[in-house]
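When you get a sec, could you build the whole thing from the sequences and use the hints?
Just so you know, the protein sequences line up as chains E and H, in that order. With our numbering applied, the first sequence covers 36 to 371. With our numbering applied, the second sequence covers 4 to 267.
Because the hints were derived from the structure by calculation, they are not lab data. Even for Gly, the Cβ is constructed at its ideal location relative to N, Cα and C. Just to be clear, a hint being listed does not mean it is correct.
[As the list claims (entries may be wrong)] Some chain H residues well away from chain E (every beta-carbon gap over 10 Å; in silico): (1) L53; (2) A62; (3) Y106; (4) A151; (5) V161; (6) L242.
[What the hints assert, rightly or not] Computed footprint of chain E on chain H; a stretch qualifies when at least three of its residues, placed anywhere within it, have a C-beta under 8 Å from a C-beta of chain E: (7) 45 to 52; (8) 118 to 129.
[Claimed, not checked] According to the in silico footprint, chain H covers these stretches of chain E (three or more CB under 8 Å from chain H): (9) 89 to 100; (10) 135 to 146.
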Amino acid sequence: MQAARQADPPVVVRGIRKSFGDVQALDGVSLTIEAGSVLGLLGPNGAGKTTLVRILTTLLDPDGGSAAVAGFDVQRQKTQVRPRIGLAGQSAAVDGTLTGRENLEMVARLYHMPRRDAAARADALLRRFDLLEAAERQAGVYSGGMRRRLDLAASLVADPQVLFLDEPTTGLDPHGRLEMWAVIRELASAGATVLLTTQYLEEADQLADTIVVIDHGKVIAQGTAAELKSRTGGEFLTVRVSDLAMLDGARRVLAAAGDGEPVVDAAAGAVSVAVSNGAARLAGVVRDLDAAAVAIADVGLRQPTLDEVFLSLTGHRAASDDAAPPGRPRRGRRRA
Amino acid sequence: MMTDALEVLRAEARYGLVDALQLWKRNLLAYRRQPDLLVFSTIQPVMFVLLFAYVFGGAIQTGSIAYIDFLLPGILVQTVLFGSTQTGVGLAEDIRSGMIDRYRALPMARSAVIAGRILADATRNLFVMVLMIGVGFAIGFRFHGSVAGVVAMPLLGVLLGLAFSWISAVIGTSVKRAETAQVASFVWIFPLVFVSSIFVPVDTMPDWLQVVAENSPVTRAVNAMRGLAHGTDAREPLLWTAGWVVGIVTVFAPLAVWRYRTVT
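In structure tokens:
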């Protein structure tokens, strides 16, 4: 029994469904996380990411489907799941009236560690997350980045088998984000099994071994970042014109040469189109542009960004219902 | 499902008290670090003692008993009732801030977050009551009963506050905002405070209201505390108060824990 459990992947999700009133938050989500790997759950606001995290951390019961975390059913074996998981990010919080040290000690005591072990554990985590200097200050006065690090430290108190990071960098400034990325990379290289949710394609690309893209409660794609990129038809051919009046001429040439509808970025004076076997077509495209009297400032082939991948998978941009930049502070809690 | 339910009960039995004590400590630290909150929540009841004693003291007839002796046990009960509303406010705030999600994902007793909050509120109630008795003493309040009565009177107040805190906890886990919890509390606290023997003897009220007032848990507790303070026979109201406390906790504690477990 024990051996079988060890061989099972630490997270197995099968057809999870959950609705809130009329809103189908999760509509048959399945995924697996292998031991020691980081899965990036990528999707826009309201895609169902936090709902899935809440179900997998026993905070919410699904309407249908099943999920096992660390070998235990999240619905029927909550008491076995809880000691084996850590949760950080927008679903969790630190207590602003307690000091950093008190926060960690309290969490350790609530895992029922003896007092001295709890104190030692808190100290080790404060050191590891560079919070020792701020340890005796109330967490309410911490910077956003420090609070997230404390939050992450709290989720690691009991050495969890699976770590859930729910939008760990949302609301952080660029410096705070880079700090969090470094910390998460360190955890990953130490062999942690992590489920990470994010709205930022770059973040998933940077941190995750496998990316699962969800939209409106459904998994619409999964694979490595490279696999997802290749699903849009390989490369992108981008032409930048030297005179904006020639933009439309360039668009017509690319429409004939590419695999889909070209995307025009008028501000940059550029037109892009997905192409397969781009290198072989490049010479022909340059000839056609020349024949159409389009003066080229720049032409080249490149890998698609994950934003373009999302666009081709969902038909809308990843950030369409949340156009604010990454640094935006967030008010209160959200459910989706 | 059954095995998990058994596991949950086992965890409650094993960790219910130690986990609640951790949360009690956390909430007391929070009070201590907001001295302004503590100061004002202390000034208000002290102010009530002085205002009622000096403004109404001459107008309200309380027979052979001095009005301050009549008033003080009542004001203590009013204070614990108002204090119990803070249980719901604190819980609503924990839910809003996301703190409660951290607790719920921990392998701790389900009742501990609420029980810890209630214990902290009870501690604060005891502190404020002792202070008010001190102020009362300065303006003429005296105990006329036994030493046991002196000790038992504030403890009975604490017990009543504990019971009402569970009602407040149900409200706190049912509303979306701390402000709502605060305002919602007044809806049930005010009638309880005024339709009682806290400020005036109930026999001046209309007959139908007297029936309500005489049987209210507030009047029973106030009469019991007066009995303990004045050294008169308090057995009957004591029994009634105990009955109310047990009844309220039996109904509202499971309700509050259930709300806490299912809140999203």
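Three or more residues of the segment 89 to 100 of chain E near chain H by CB distance under 8 Å?
Coverage by chain H holds for the segment 89 to 100 of chain E (5 residues, Cβ < 8 Å).
Coverage criterion applied to the segment 118 to 129 of chain H (partner chain E; beta-carbon cut 8 Å; 3 residues):
violated (count 0)
Going by Cβ atoms, does L242 of chain H stay more than 10 Å from chain E at every point?
For L242 of chain H, whose nearest Cβ neighbour in chain E is about 38 Å away, the distance exceeds 10 Å, so it holds.
Are there three or more residues in the segment 135 to 146 of chain E whose C-beta lies closer than 8 Å to some C-beta of chain H?
holds (count 6)
Decide, holds or violated, for the assertion that all CB atoms of chain E are farther than 10 Å from the CB of L53 of chain H.
Consistent with the label, L53 of chain H stays out of reach of chain E, its closest Cβ about 31 Å off (over 10 Å).
Beyond 10 Å from chain E, beta-carbon-wise, is A62 of chain H?
Nearest chain E Cβ is 44 Å from A62 of chain H, so the label holds.
Taking the minimum C-beta separation from A151 of chain H to chain E, is that value above 10 Å?
36 Å, holds
Mind checking, does the segment 45 to 52 of chain H have 3 or more residues with a CB under 8 Å from chain E?
It is violated: at least three residues are needed, and the segment 45 to 52 of chain H offers just 0 whose Cβ sits closer than 8 Å to chain E.
Would you check whether the claim that V161 of chain H is not at the interface survives, using Cβ distances to chain E and the 10 Å cut-off?
Label holds. Min Cβ-Cβ 23 Å, cutoff 10 Å.
The output says Y106 of chain H does not contact chain E. Does that hold with a beta carbon cutoff of 10 Å?
7 Å, violated
Going through the hint list in order, the structure does not satisfy hints 3, 7 and 8.
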